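Q: Read off the chains here:
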Amino acid sequence: MNEVNHQIAEALSRIRQSKPLVHHITNFVVMNDTANVTLHVGALPVMAHAPEEVVQMTQMAGALVLNIGTLTSPWIESMLIAGRAANEAGIPIVLDPVGAGATAFRTQTSQRLLEELQIAIVRGNAGEIGALSGAGGLVKGVESVQGVEDPAAVAKSLAGETGVVVAIGGKRDFLSDGKRILGVDNGHIWLTTITGTGCMATTMAAAFAAVERDFLIAAAAGLACFGLAAERAAEKAEGPASFKVALFDQIYSLQPEQLAKGARVVEL
Amino acid sequence: MNEVNHQIAEALSRIRQSKPLVHHITNFVVMNDTANVTLHVGALPVMAHAPEEVVQMTQMAGALVLNIGTLTSPWIESMLIAGRAANEAGIPIVLDPVGAGATAFRTQTSQRLLEELQIAIVRGNAGEIGALSGAGGLVKGVESVQGVEDPAAVAKSLAGETGVVVAIGGKRDFLSDGKRILGVDNGHIWLTTITGTGCMATTMAAAFAAVERDFLIAAAAGLACFGLAAERAAEKAEGPASFKVALFDQIYSLQPEQLAKGARVVEL
Amino acid sequence: MNEVNHQIAEALSRIRQSKPLVHHITNFVVMNDTANVTLHVGALPVMAHAPEEVVQMTQMAGALVLNIGTLTSPWIESMLIAGRAANEAGIPIVLDPVGAGATAFRTQTSQRLLEELQIAIVRGNAGEIGALSGAGGLVKGVESVQGVEDPAAVAKSLAGETGVVVAIGGKRDFLSDGKRILGVDNGHIWLTTITGTGCMATTMAAAFAAVERDFLIAAAAGLACFGLAAERAAEKAEGPASFKVALFDQIYSLQPEQLAKGARVVEL
Numbered sequence: 288m289n290e291v292n293h294q295i296a297e298a299l300s301r302i303r304q305s306k307p308l309v310h311h312i313t314n315f316v317v318m319n320d321t322a323n324v325t326l327h328v329g330a331l332p333v334m335a336h337a338p339e340e341v342v343q344m345t346q347m348a349g350a351l352v353l354n355i356g357t358l359t360s361p362w363i364e365s366m367l368i369a370g371r372a373a374n375e376a377g378i379p380i381v382l383d384p385v386g387a388g389a390t391a392f393r394t395q396t397s398q399r400l401l402e403e404l405q406i407a408i409v410r411g412n413a414g415e416i417g418a419l420s421g422a423g424g425l426v427k428g429v430e431s432v433q434g435v436e437d438p439a440a441v442a443k444s445l446a447g448e449t450g451v452v453v454a455i456g457g458k459r460d461f462l463s464d465g466k467r468i469l470g471v472d473n474g475h476i477w478l479t480t481i482t483g484t485g486c487m488a489t490t491m492a493a494a495f496a497a498v499e500r501d502f503l504i505a506a507a508a509g510l511a512c513f514g515l516a517a518e519r520a521a522e523k524a525e526g527p528a529s530f531k532v533a534l535f536d537q538i539y540s541l542q543p544e545q546l547a548k549g550a551r552v553v554e555l
Numbered sequence: 288m289n290e291v292n293h294q295i296a297e298a299l300s301r302i303r304q305s306k307p308l309v310h311h312i313t314n315f316v317v318m319n320d321t322a323n324v325t326l327h328v329g330a331l332p333v334m335a336h337a338p339e340e341v342v343q344m345t346q347m348a349g350a351l352v353l354n355i356g357t358l359t360s361p362w363i364e365s366m367l368i369a370g371r372a373a374n375e376a377g378i379p380i381v382l383d384p385v386g387a388g389a390t391a392f393r394t395q396t397s398q399r400l401l402e403e404l405q406i407a408i409v410r411g412n413a414g415e416i417g418a419l420s421g422a423g424g425l426v427k428g429v430e431s432v433q434g435v436e437d438p439a440a441v442a443k444s445l446a447g448e449t450g451v452v453v454a455i456g457g458k459r460d461f462l463s464d465g466k467r468i469l470g471v472d473n474g475h476i477w478l479t480t481i482t483g484t485g486c487m488a489t490t491m492a493a494a495f496a497a498v499e500r501d502f503l504i505a506a507a508a509g510l511a512c513f514g515l516a517a518e519r520a521a522e523k524a525e526g527p528a529s530f531k532v533a534l535f536d537q538i539y540s541l542q543p544e545q546l547a548k549g550a551r552v553v554e555l
Numbered sequence: 288m289n290e291v292n293h294q295i296a297e298a299l300s301r302i303r304q305s306k307p308l309v310h311h312i313t314n315f316v317v318m319n320d321t322a323n324v325t326l327h328v329g330a331l332p333v334m335a336h337a338p339e340e341v342v343q344m345t346q347m348a349g350a351l352v353l354n355i356g357t358l359t360s361p362w363i364e365s366m367l368i369a370g371r372a373a374n375e376a377g378i379p380i381v382l383d384p385v386g387a388g389a390t391a392f393r394t395q396t397s398q399r400l401l402e403e404l405q406i407a408i409v410r411g412n413a414g415e416i417g418a419l420s421g422a423g424g425l426v427k428g429v430e431s432v433q434g435v436e437d438p439a440a441v442a443k444s445l446a447g448e449t450g451v452v453v454a455i456g457g458k459r460d461f462l463s464d465g466k467r468i469l470g471v472d473n474g475h476i477w478l479t480t481i482t483g484t485g486c487m488a489t490t491m492a493a494a495f496a497a498v499e500r501d502f503l504i505a506a507a508a509g510l511a512c513f514g515l516a517a518e519r520a521a522e523k524a525e526g527p528a529s530f531k532v533a534l535f536d537q538i539y540s541l542q543p544e545q546l547a548k549g550a551r552v553v554e555l
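In the order they appear, the protein sequences are chains A, B and C. Just add 287 to wherever you are in the first sequence, counting from 1, and you've got the numbering used here. Just add 287 to wherever you are in the second sequence, counting from 1, and you've got the numbering used here. Just add 287 to wherever you are in the third sequence, counting from 1, and you've got the numbering used here.
Careful, some of the hints might be misleading.
Chain copies aren't distinguished; within one or between two, either way the pair holds.
[To be verified] Taking lysine to aspartate or glutamate and the DMTMM-like style, the derived pairs with C-alpha atoms no more than 20 Å apart in a straight line are:
no. : residue 1 : residue 2
1   : K548      : D472
2   : K458      : E448
3   : K306      : E430
4   : K548      : E297
5   : K427      : E339
6   : K466      : D501
7   : K466      : D437
8   : K306      : E364
9   : K306      : D501
10  : K458      : E522
11  : K306      : E290
12  : K548      : E518
13  : K466      : E518
Simulated from the structure, these hints should not be mistaken for lab results. Predicted model, so just to flag it, every value in this text is computed and none were measured.
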């Protein structure tokens, strides 16, 4: 077993032992799904967005997810309030810039969150990260319909500029902290047939970030764990919905030793 | 194969080739489900309701769904903004008047949307359409507990008055553009045991409206496709939730040639 | 068959005959799930929170659920408006104080709803009820991570003080109206692996409260029915998501005579 796989498997064990709270300020479409994914991987979910309580909720969390799908202005304010509390307490923030590139509102909000907060990990599809990095890409709604030419270079460059671990989802996920570049090859084509799998991957990265302070490893762990569960689930899929049921079952049942064996993370 | 079935099957092929974006401003209960249904039929979903971005989102869409479940005043404003942008760009709007007839707020909002916007298709249950047409009907919550006496006549009359294709859901769906009347006999009793199937049918109609400008045919296609998937799913159902999983799987796997053969659309 | 089991089974029959509307003002995470649970047990769900319509919606309902997950200030106002209408019309209110104890906002809102409205049943986990009763308990997000020492005594004491039936979820659920104490032993460990099962149990209690005016029996009936469905579903579970599908299927198919036989309600 290589060193990265060992670290990833150890991190999964830590999630299941410590059950960190993952506070989400996220979109309406995926709230139920990402709450379940959080539980299944072994952590505890909470969704809360009221300005009156986000500080208190964040302070008891191991990680904070900011996901800008179905965004409105009051939610941006809550994200900033929660984000500042997370930064003060040293709680990692994971940003999912859903639909960045599709509308100016989403692109600008993503940029604002990246500027005003210290984000640990940003995970998006190639179009979204392309829009944030200025490297191109095209987003139709929340779907990347055109990626970037060299995602490894884009991830590294944006990470270097911002100090944020950047993860670009795709057949191979590309991740960088500005120095190292990792590729994660776990996953399955069925993941493209259901809504919210990007958001779920982000939640997985956040659960790992709560227990692993090397955020590049945490992000890779989340994506490898999610992708491996998808591979195992695909065997039972008769369509997208039965795949989703199997995916959630597999996230729950996946054991650290299976992850250590099945994670396909490559150093680039 | 009759002409209508041929048109319907062709339209399904076009959805899968062109993958139109279907922009939803819809209720919280069904957001995840209708996003998945959109994907499974072959289109791309986006849910967005912020006034700052609905124009931009609508402009890249092939169709706009306005669904008034879990309605509040700010959402009405967003629906009107998005709707005007859709009208200017010639993008068809599909309205689901969820709960019209149950409260004055929902009845009046439905009427306002029908008056201020040029709607392509309105799809509701018999109670909801009855409330909008003044033909009677009774709605308890969002359920039609009393329909209208002659749904074919009600659909034709309301369509004639408004210039909107009217679709009334039921064991037989009745559709009219004010001149033609169609009946769609596909469907299954299991559809009445899960929440949001009306909303899903509306989403299906919208996906077809994005690729078929004869909106009566588009609406019939959406309802036939949805109902046929339900018939196929019923074989695997052990209850409402396993039916729902099978329904989504079947929407995804349904092929145009199967739809051409299985659609039961009658001209009345 | 003992008397309580007979009452519970009779109540389930009444739900299926009269199909009462259960109006929910509830959180975004569980809206779809609790709507489906409402339908599956035999009632009709509606989710509506606009101040313009909550009075009218409540007035046609058999019960009102107030669930404070994903709470914001405007929703509190809507809960109070709907709650007053329910009180005036004699419609039972069932409160789920999701996350009380985790943040001051949720604890205070729960207390305010209990003070300003006449609540029929409050159902929460041990940490939440502990926070409301001052008996201790610890809530992390929405999870009870530390219960109360003597839940039967806490339930009885809080019920006595407030005049509200108190139900504390757990391996054994403890319920009291201030005089009688009941334990419900139905349930399954799988229920702890998916999000929203507490909220679903609350919805079940509300469906029964719509047809059974002895609210201690109604609450016990809802929890026994939900727990028995979980026991039956566990046989088919391969993980949390397949368990959830089976749970919903079982709620739908559970017959009054099976409930009469399988309910495990003890008088303490």
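Q: Of all the hints given earlier, name the ones this structure violates by number, lowest first.
A: Of the numbered hints given earlier, those the structure breaks are 2, 8, 11, 13, listed in rising order.
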